[in-house]
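Protein chains in written order, with our numbering: chain D, 1 to 253; chain U, 1 to 437; chain W, 1 to 409; chain G, 1 to 556.
Check each hint, because a few of them may be wrong.
Pairs of lysine-lysine, DSSO-like flavour, derived with a Cα cap of 30 Å [stated by the list, open to error]:
1) U:232 to G:199
2) U:205 to G:232
3) G:91 to U:317
4) G:199 to U:241
5) U:421 to U:207
6) W:222 to U:112
7) U:399 to U:207
Simulated from the structure, these hints should not be mistaken for laboratory data.
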Amino acid sequence: MHEAILQTENLSVSFDGFRALNRLDFSIERGELRVVIGPNGAGKTTLLDAICGKVTPTEGRVLFKGQDLRGLREYQIVHLGVGRKFQTPSIYRDHTVFENLELSFKAKKTVFSTLFAQRTPTLREQIHRILELIGLQNKSGLRAGALSHGEKQWLEIGMVIVLDPDLLLIDEPVAGMTDDESEKTGELLKSIAQDQAILVIEHDMTFVRQIAKTVTVLHEGALLFEGPVDEVQRHPRVIEIYLGREKGAHAQH
Amino acid sequence: MKIYQVGAVRRTVATAVIGTVVLCMAARGMADDGAPIKVGILHSLSGTMAISEVSLRDVDLMAIDEINAKGGVCFTKEGKKTCHKIEPVVVDPASNWDLFAEKAKQLLLQDKVAIVFGCWTSVSRKSVLPVFEGNNGLLFYPVQYEGEECSDAVFYTGAAPNQQAIPAVEYLMSEEGGGVKKFYLLGTDYVYPRTTNKILRAMLKAKGVPEENIREEYTPFHHQDYQQIVQKIKEFSAGGKTAVISTINGDSNVPFYKEFANQGLTASDVAFSVAEDELRGMDTSALVGHLATWNYYESVDTPANKAFAAHFKEYAKKHNLPDAEHRVVDDPMEASYFGVYLWKQAVEKAGTTDVDAVRKALYGMEFAAPSGTVKIDERNHHTWRPVLVGEIKKDGQFKIIHRSKGLVKPEPWSEYTSPDKGCDWVDHKGTYEKNAK
Amino acid sequence: MEPQAPSDVSPQAPRVLAVASPDHTLRDPYRRVSAGVGLIIAALVLVVVLPLLNVIGRPLPGTEDVGAWYWISDVELNLLGRYLSYALLALGLDLIWGYTGILSLCQALFFCFGGYCMGMYLSLQTGAEGVYESTLPDFMVWNRVTELPLFWQPFHSFWFTMALIVIVPSLFAFIFGFLTFRSRVRGVYFAVLTQALAYSTWLLFNRNSMNLGGTNGLTNFKKIVPTFFGHATTFRLSEPGVQRGLYVVTALFLVAAYLLCRWITRSRLGRVLTAIRDNENRVRFSGYNPANFKLFVFTLSAALAGVAGALYVPQTGIITPGKMSVAASIDMVIWIAVGGRGTLVGAVLGALIVNAGYSYFTTHFAAYWPYFLGLLFVAVVMLIPRGLIGLPAQLRERLARSSRRGQTE
Amino acid sequence: MRSSRQLSPLAVFLLFVTPAVRAQTAPPPAVVQQIDALATDDGTAQRAAVAALGESGDRNVIPTLEALREESLYVWTPPNGTRRMVIARDKTTVDDHEQYLLQDAYGGARLHQADGSEISAPAEELQEVSVDRRVRTAIQVVLERFKLLDSDPVVRRAAAKNLADKGDIIALEALAKAQAAEPDPAARTVIDEAYNLLKLSAPSDQDKLAAISRLGVLRSADAVPRLEELRKTASPQLQAVILPTLDHIRWWQKVNRLLYAVFSGLSLGSILVLMSLGLAITFGVMGVINMAHGELMMIGAYATFITQNWFLAHVPAQAFGFYFLAAIPLSFVAAGAAGYVLERGVIRFLYGRPLETLLATWGVSLILIQAARFWFGDLTAVAAPSWLSGGIEVIAGVQLPYNRLFIIAFTMLCVAGVYLLLLRSSAGLRIRAVMQNRAMSASMGIATNRVDAFTFALGSGLAGMAGCALTLIGNVEPDLGQNYIVDAFIVVVTGGVGKLVGTVAAALGIGWLNTFLELVTDSAVMGKVLILVFVILFLQRRPSGLFPPTGRAVEY
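Generate the whole structure from the sequences, applying the supplied hints.
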């Protein structure tokens, strides 16, 4: 059980001399639900980008199930078992909800296998299960672009789940959601986390408290602190650089 | 155009039906009403070739106007003399070679024209050739060309290579022309310059010009950057007695001669293949004194020619042609113009517009063209014309500095590259081997 | 705001509602049957009825008779045949542009590859019937080529030629696509690159030293001699019957290509293609390699264009580099836009209408075609982004919107 | 009637070249006699008269000979008067009749009545003196000799070169004299070369030897064919000198070719910069694929053409040369205005849909091309102002044309201007703000609509100026833009979209590479094709060009 599914070693990413990630050592275990927090520009999204192959590390490496991901393309990493949800919903707006899930469904995804692919009963069944899970069972035939923002977020989470990954990378799942919706989202994530490892980036501390056991705090591309939620909230450095500011930011809203 | 109500019919059916109707209506031409004789005019009015070809359409229409004003084409048929007006059918092949074939087909089969006047580029002629040959049509082609063609569906009123390129070089080699010893053959990379230069090279070789004194160079269409080529010419022409024989096409001429003048290249003569109509828009100051060879110039000093040029200017003004005030006539225009008259004479002689009869009537037919008498060859479908070497003047006209003795017999097969070939539609079926009797 | 859509590079199509959900169409039995029936009728009209109308009602030769009113003349049928080959190309272009959102500005190039393959075969068949009575194509004789270049040799064989018509353009597209898609050249970059490709190939084909006839291209075709089971049959291109046959073959190919494209667009592959158009980034994170899909559809579109070119050439009688100019490729895109991108019927319809318009204008309003075509480009993009096919839906929506506005006020 | 358009540029040209005022002295009788002798059909007699006029050394016969060469010399028979030789060039209208203004055959001054009015005559009273080409060649030689003493060093140099080419040994003496009197060092070199080239034909080996070594020092390219010729018959003593001299000259020719290639690469590159600059703004900054960019250049070129014609019609001839300076801002305004209309009318509805802008602007370009064809009809070209004609010879055999030097300088100015405007001015700040984040800029009170229109007009105006500059080297024609559009896009894409420095670097790089490839393959076509292949391969390696935009948010 205590085996790291993902591990970064000495991971650095630079853009034009700016170090978004700075020699980061980080790991997450199978079945774990980990939340990463940090102020803007701390390198959270870059960390996800580096894991899923969207950016190439300048230094260091990312190990997934013991395999170095360097040089692999995004879709290959997906096939290894990493699913990614983006900060703003990234779905296929012109396809129906059903088709969105169908396209993501774990299957052979070469040109010819998709050409001859059939809608098997297993596929329908699985998709309907997911539809229920994300609460969109009544909107299966609707054009995805017509969904509300929260529904789009859920759809995208559904699209990641239907990939059946071992690790889910989820970037700000509750941004723009009502309290009600975010609570539902939290429950959803917790229920998945029983089988799969999840890495969540989130600002909303209420939500973090709802779902997280262990929290990682990033600052200027490096690990600042890692530990249980309560400890994080007591940690003076974290309060100084992050939570204090966050409170201020909340006050402004 | 009718609008079809399709109501609840399936969308696909409706679209198919409408599509078909539109297509058929588009493809169907005008109805035939009998009395006037229809002739087709097949010159590009849009696209890149419009610049050259529009003038030919204008001069064709002018000739038709003149003929109609004098009563039309008159001949005796079954003992009764009748006159027919000429009705031009003008289409626009839009500088698109496929469209030339399409329009030619349409003119011949749909509009049933008696004759077509048209084409400028070699490729447009090549594109319509099978159409005319396959449907027994007749085309008058008015532009100088590379030769090596012998079709009984075409009458060539422009120059064959031996009536243009070769005399120009012969003139330059003569004492009067400056005794040129080295030749730089510069052209745009397409069939006409390639073939012309091939013939010239063979001819120069035959005259004992050594290989190292001939350079050939080609540029792409619309080439604008002549810096290095002029530098090369400069090196090549060191020591003088050099001529550049240019077969540069259309809009590359100006960049070339501007570079030529600005790099201070003074030592060599250039023979351009530009005519008055092209010079009309150019700044000629850097071109003055350079040469061209054609079979006709506006400056040919005969009353008939003055009348022709004046008439065209009048016609241009009357019909509000663009830039009417400065319109000039040139070789292809004259060839278009007398082509219409030659055909008219042939119809009158044959007493019918039937293609075979007209063709036969045309053999050996003469006509008093603006440049003097011209004659269709008795056998090879080309035209006997005078050869005139001209020097470009600053007003865009030519000073005629050399003229051939009488008319020059056209030879579609060059004696230098194909000495054993001939073209004869009377005793042979077109191209034949001279030695194989 | 989507993070992966910076304004200048994302290939976007306007929201195409009509194709959004084939699932709907399939689920609606009435529409499904009616679409099927319509398709069969349209195919029958194209393949059987029109050529039949060319046979019956034909005027008596040698008389002033102009034929029955319903007679479709040889010229008209021939024109239609050429439009249909354009429509075949349009199907492929629609797959790559309308469905996948990749603007390829070199389809005319593939068309010409197919066309040149056919042209080379036909030139060799002309053989000693040419001007020079030489077995070499005419232009080689005047270029002083004495021996047939090696790359011409395969074109002696009919079936080899048929294979090359598909292989040459698709192989070319495959190699070019492999290099570009792999390095994620997208959107505008891809359009500009294909344009440069078309331009440089056009320059090359204009050269005489390519041994493909230079600017004059290939022409003076006489006959097709296909061999079936070792038995050669000669079809002379000048005969109306042969031209009619070519028309029927073209129409059959169009119907077959339509069915093929329909199958593809309605498969999951088709949905991946539209997904690439709408959100390529997500496609990658759904576990697909978009490069392979693009490569497939680009290659397929090239093959269709090649076949179209090969069918076009014997019906036209000439193939020249002018056909592969940059402008030619861009003009093809407008066919799709006029008909309705992202719909197969729209692509076919657009190709037919624009080309018929071209023929019509150049005959009856000589010299005004460029104005009309130019306005068409602007108008279609600005006023009917979904093309003619989407026009009824667009009008309905506008009507609905204005009535809704009326209600709320 | 067409003369107004055609004659005048040359008339102006002549005005600058020939000394305007000549002394009005009584002609010596011997010269008058020879001038009268020109009026004959006999070419031999004409040539003799021409030679005699040359011998006279009287510079007042230069106009006579020039007029004869271009056949503007006439025998004038007034209704009640004596025949005399006159020059007639310019026309005037007297009582609705076209008449020629007469000039004195000797000296070329206008003829005046006693009351000071100019004398003119109808065409019927004038009989042209016609000459054949051989006479004209003879006139040329005589004129060249006169020109050796012209006040303009450029004319003197050309004359020397021409005399050397004619190979006329008689000119040797005249050249020696001219060289001694020559104040201009460059002209002295040319005269020196001409003198020694002619001296190669001298009978004595001694003279030849001196000439050969001198020509070697001068690196005379013109000497190569003559030395080759001489080698065949020369004595061993001469042979020993000729060979190393030839090698020496040839080596310098190679250096020249290389030097010129470097220059023409720079020149080509700067033209590419100029035409891509506007595109770098409309495409690179605004994301609009403006296929009508070339047509905006065409508008600029026609604006130049119209300006030229207006100057011809309304401005004194002395000031004609300045038309080009007026045309630069006018072409900017004309194309900018067209761009403004295009943006307001079409493009503003299409932001964020680049491929749609491609199609719509392509349609616009088709319309503009056909409209230009309709209005202007034909291929035209402007006459370069005299101060941009010709070139400066930096070393023997390498002459850098003024028009190209001007374009290089003009390009540098434009780049600097655009740089300052975009990156160093408040307007530029606003442009960049709107292009980066439209919504944010709007909320900060920037009128984004106006900024869009202004930016597009700026890009279009730059295209117009490029069109204006291009008239110096090429045509003015309806589809002028089509020749450049693919190149311009290639440059911008290769440079990296949105990067000014990338555009400049790519343009210069492509310019040089193209020149180099043309040099290596010895074919302009292959040079052009290879450059495109290179670009395609390059973009495969670096899909975002030379200077790619970077950062987390970037998704190419």
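> Taking only the CA atoms, is the gap from residue 232 (chain U) to residue 199 (chain G) under or equal to 30 Å?
Replying inline: Satisfied, since the Cα-Cα distance of roughly 27 Å is no more than 30 Å.
>> Need the status of pair residue 222 (chain W), residue 112 (chain U): alpha-carbon distance at most 30 Å?
In response: Roughly 23 Å separates the two Cα atoms, so the pair holds.
> Is residue 421 (chain U) within 30 Å of residue 207 (chain U), Cα to Cα?
Replying inline: Roughly 21 Å separates the two Cα atoms, so the pair holds.
> Are residue 399 (chain U) and residue 207 (chain U) close enough, with their CA atoms no more than 30 Å apart?
Replying inline: The hint holds at about 28 Å.
> Is residue 91 (chain G) within 30 Å of residue 317 (chain U), Cα to Cα?
Replying inline: holds (23 Å)
> Regarding the pair residue 205 (chain U) and residue 232 (chain G), is the alpha-carbon distance no greater than 30 Å?
Replying inline: holds (22 Å)
> Are the Cα positions of residue 199 (chain G) and residue 241 (chain U) separated by 30 Å at most?
Replying inline: Satisfied, since the Cα-Cα distance of roughly 18 Å is no more than 30 Å.
Figure legend: structure checked against the earlier numbered hints; every hint is met.
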